[in-house]
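**Student:** Based on the hints, put chains R, L and H in the right spot on chain Y.
Number of protein chains: 4
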Amino acid sequence: MTTYYGLLSKIMTEISQVLSSVDEDKLGKIIDKILNSKRIFVLGVGRSGLVMKGFAMRLMHLGLNVFVVGESTTPAIGKGDLLIIGSGSGRTPSVVTNVKKAWEYGSAIISITSNKHSPIVEYSDFTIFLLAPTPKVKTGNFNFSIQPMGSLFEQSLLIFADLIVLMLMDKLCMTSDKMFKNHANLE
Amino acid sequence: MTTYYGLLSKIMTEISQVLSSVDEDKLGKIIDKILNSKRIFVLGVGRSGLVMKGFAMRLMHLGLNVFVVGESTTPAIGKGDLLIIGSGSGRTPSVVTNVKKAWEYGSAIISITSNKHSPIVEYSDFTIFLLAPTPKVKTGNFNFSIQPMGSLFEQSLLIFADLIVLMLMDKLCMTSDKMFKNHANLE
Amino acid sequence: MTTYYGLLSKIMTEISQVLSSVDEDKLGKIIDKILNSKRIFVLGVGRSGLVMKGFAMRLMHLGLNVFVVGESTTPAIGKGDLLIIGSGSGRTPSVVTNVKKAWEYGSAIISITSNKHSPIVEYSDFTIFLLAPTPKVKTGNFNFSIQPMGSLFEQSLLIFADLIVLMLMDKLCMTSDKMFKNHANLE
Amino acid sequence: MTTYYGLLSKIMTEISQVLSSVDEDKLGKIIDKILNSKRIFVLGVGRSGLVMKGFAMRLMHLGLNVFVVGESTTPAIGKGDLLIIGSGSGRTPSVVTNVKKAWEYGSAIISITSNKHSPIVEYSDFTIFLLAPTPKVKTGNFNFSIQPMGSLFEQSLLIFADLIVLMLMDKLCMTSDKMFKNHANLE
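Residue numbers (the working numbering), protein chains in the order written: chain Y, 1 to 187; chain R, 1 to 187; chain L, 1 to 187; chain H, 1 to 187.
Same shape as in the complex, but just chain Y:
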C-alpha cells in the first residue's frame, strides 16, 4: 500500500493543478454579482451538493441572504436572484432542468463545473472551470486522478468556494469573529 505521505503529496498536487487552471479575471465580477444579488441560491447533487451547502453556510455567516435548493424553507427563485451551481459533469439531469428553469424565471446564474461542454454553460452568466475528471466526463486538460469518481472535483470545489469566501470577507470587512456571531447557536 502506498504510504500516507505518498498519497497526501499526490492529492495536494492534483488539487493544485486543478485550481491553477482557474481564470482569475472572472473572479472580481463573480464577487460583485454575489454582493449585488437580492438573494443567493446554491445547487448541487451528491458530494458536490454537500460542498455547496457548506458554501451557503459561510455566505449566511457573511450576512448574505442565501438558500439551498431542496431545503425546507427555500422560496421561489426569480429576477434579481442568483443561482450558483457546483456540478462536476454539469450533466446531472435534475441540475440541468433546474438551471434551465432558473434561467426562465429570470435569475442570474454562475456555474462551477469541470465540463466545458456542459449544457449549463450556455445558461450561465459566468462559468468557472475546475478541470478535474468526473465519472461521467473525461476532460481534455486533465484526465487522470488517482482518486475515485468526482473526489478531485469536490475537493477543488470546496477550496475554491472557501477562497471566494475570503475575497467576500475582504470586500465586506468581515472577520471570523463577526461571522461566528451569525453561526447557528442551536444545533
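It is worth saying that the hints were derived from the structure and are not from the lab.
Mixed in with the good hints, there may be bad ones.
Example chain H residues on the side facing chain Y (calculated, C-beta under 10 angstroms, incomplete) [said to hold, decoys possible]:
hint, residue
1, Y4
2, M12
3, L35
4, K116
5, V121
6, Q147
When the alpha-carbon atoms are kept at most 25 angstroms apart in a straight line, the in silico PhoX-like pairs for lysine-lysine are as follows [said to hold, decoys possible]:
hint, chain 1, residue 1, chain 2, residue 2
7, H, K178, L, K79
8, H, K33, H, K101
9, Y, K10, H, K38
10, H, K116, L, K181
11, H, K10, Y, K171
12, Y, K33, Y, K116
13, H, K101, R, K100
14, Y, K178, R, K79
15, L, K100, H, K101
16, L, K26, L, K181
17, R, K100, R, K79
18, L, K38, H, K181
19, L, K29, L, K100
20, H, K38, H, K178
21, R, K178, Y, K100
22, Y, K29, H, K79
23, R, K181, Y, K79
24, H, K29, L, K181
25, R, K101, R, K116
26, H, K26, L, K38
27, R, K178, Y, K181
28, Y, K100, L, K100
29, H, K10, Y, K178
30, Y, K181, R, K101
31, R, K101, R, K10
32, H, K38, L, K181
33, Y, K101, L, K101
34, L, K100, Y, K101
35, L, K178, H, K100
36, Y, K26, Y, K116
37, L, K26, R, K10
38, Y, K101, R, K178
39, H, K181, H, K101
40, Y, K79, R, K178
What you are looking at is a predicted structure, and each value in this text was computed from that prediction instead of being measured.
No residue lacks a Cβ here, since even glycine has one placed at the ideal position from N, Cα and C.
**Tutor:** Using the frame of chain Y, we list chains R, L and H on its own:
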C-alpha cells in the same frame, strides 16, 4: 389481519381524541406571537422533526421569515425571535438542551408536546399539549394507541400545525394560490 | 375567524373522504411486495417527501432494508428492489424522471398519487389513488379542500402510510416495543 | 484585495501543515477497524457534518454497511459497530453526548478532531488529530489561519477522509468504476 377500514376508523378516532384535548384559548395568542416575531425557528427530532419541517415550509409560503434548526443556512437565534418545538416526550436530550439555550439567548418559545412533565414546559411562553402516548412517556389522559411509538403524536402534530396554518392564512388574507407563488420552483 | 373545533372537524372530514376512496383489494398485494423485495427505496419531493422519509423510518424500525432517495448512503437501485413514491400531482419532473429510471433499472414500483393521469402510473406495478386536490392537478372526484396546496394529500399520505405500517406489524408479529429497539439511539 | 493565486497558495500551505501532523502509525489500525466492523456510523455537526456525509457516501460506494447519524433510516448503534466522528472542537454538546452514548452501547469509536483536550478523546479507541484552529478552541501547535472559523479543519478533514478512502480501495481491490456502480442512480 384487521381490515383497512377497521384500522382507518381506529386511527381517525385516536387523532380526534388527541386533538380534542387542545386548549383553544391559547390559540389566538400563539397566532399573534407567530405573526409578531422577527424570525421563527422550528425544532424537532425524528418524525416530529419531519412534521416541523413541513410546518416551516408552509410558514415560508405564508411569507414569514422562518428557519429549521439544523438546516444549512439557519442563523443564530436571539431576542425578538420565536422557537417552536414539536416533541412528543419533550425529553429528547438535544431538544431540551436547545430549548434552554434558546431561552438564554432571549428567544420566545412555544412547545407542542404530549408530556405535561417535560422540562421544556417551564421554558415555554406557551405550551400546547397533544395527549398522545410516546415510547418514552405514558401520559395520564390517553395512554393507549393501537399505533407504534409516537405515530399518533406525529399525526396529531401535523394536523394541528396545518390547522394553525389555516388560522394564519385567515389573519394574513392569504390564499392557496398566493402561497403557491412562494413555493420552491426549483426542486 | 373560524374556530379551532370548526376547522378540526372540516380537516378530519376531508381526510376521511380521501382515505375512503382507497381500493382495499390492492393492499394485500402491496404488503406482500414490500415484504418480498430485497431492498425498499422511498421517493418524494417537498412535504410529500418528508412524509415518505417518516414512512422509511418506520420500515427500518420493522427491520426492513430501506433507503430514502437523496440521502447520503443510498445505493443504486436495481432488480429485486422496490421503489415507493408519494407524489400528489405525480408530475414533478424529478419524480417522473426517477420513476422512469427505476423502471429501466428493473425495480418494482408502487406509487401513491392523487392524479389518475400521472405519467408515473404506467410505470407502476401498483398505484394507490388518494383523491385529494393538489396545486398542480384538480382531480375529478374530490376537487375542493379548505386547505392550501397539497396539505390534504400529505395528511392522507401520512395516515395511509402509517396504516400500511400497522398491517406490516401484524404480518411480521412486530410490537411497538420491538420496533423501538431498532430506533436510532444517537440523535 | 489579495490575489487569487496568493490566497490559493496560503490555503494549500495551511492544509499541508495540518495534514503533516497526522500520526501515520495509527492508520493501519484504523483501516482494519473500519473493515472489521459490522456497521459504520458517521457523525458530525455543521460543515464537519457535511464532510462526514461525503465520507459515508464513499464508504457505501466501497460496499461497506454505513449510516449517517441523523438521517431517516439510521438504526440503533451497538456492539460490533463503529462510530467515526469529525469535530474540530470536539466539544459540541450534541457530539459529546452522542459519543458517550455510543460508548455505553458498546460501539467502537474513532474520532478526528483538532482538540487534544476534547472530552471525546477518552471515549475513543483511536483519535486522529488535525491540528487546525477552530472558533471554540485555539490549538497549541498551529493556532493561526487566514481562514474563518473551522474552514481549515473542514478542508483537512475532507482530504484526510478521502485519503482513507484510497487506502480502503487498495485493501479491498476496488476501482473507481466498480465504486461508481454502487453510486445512487436516482437523484
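**Student:** Broken hints, numbered, in rising order?
**Tutor:** Result: hints 3, 4, 5, 9, 10, 15, 16, 22, 24, 26, 27, 31 and 39 break, sorted rising.
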